[in-house]
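With the sequences and hints as input, model every part of the structure.
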Amino acid sequence: MLGKIKTTSTCLFLQPTWPVCRYVVVRPGESRPQLIAAGSFDAELPEALVEHMKAELASRKVSVSRAVLLLPRGNVEVNSLRMPPASEDELPEMVSNVIAQQVDDSGEANVHDFVVSETHDDESQELLTFT
1 MLGKIKTTST
11 CLFLQPTWPV
21 CRYVVVRPGE
31 SRPQLIAAGS
41 FDAELPEALV
51 EHMKAELASR
61 KVSVSRAVLL
71 LPRGNVEVNS
81 LRMPPASEDE
91 LPEMVSNVIA
101 QQVDDSGEAN
111 VHDFVVSETH
121 DDESQELLTF
131 T
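1 is the number of the first residue of the sequence shown in the numbering used here; add one for each residue after it.
The set of hints was computed from the structure by calculation and includes no laboratory data. Incorrect hints may appear among the rest.
[Unchecked claim] Estimated spans, in silico, between C-beta atoms of each pair:
(1) R32 / D121: 36 to 44 Å
(2) F130 / K61: 27 to 35 Å
(3) S9 / L45: 39 to 47 Å
(4) E118 / K54: 33 to 41 Å
(5) Q101 / F41: 35 to 43 Å
Cβ atoms here follow ideal geometry from the backbone N, Cα and C, with glycine treated the same way.
So, in structure tokens, the structure goes:
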């Protein structure tokens, strides 16, 4: 998998599996990514994850410009949406509104993201959403 990533910058791959979080930092190499750092740390609360990761990278004198969060499939809900045409500036708010209507009101804060998977001329666009 790492060999297929096309990037010119150092990248962090983080797998938050509480209470132990694991990570790998790589940068592009000649024929395959070069391992810069790898390790794990205890993070009892999800809210503390970012601060723990910053401290871990600082202790190794490593900086990253990209990050990939690796989540178990059971923790992510993937859906398809058909949306009307919209600009890149308008689309995030439109998607947020649709997701807010679909998600149950359990009181939990949900994080979501999306990617445009297909555009149908000026009629509509297909999106994949991740919650």
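Worksheet item: Looking back at the hints listed earlier, which ones does the structure fail to meet?
Response: 3
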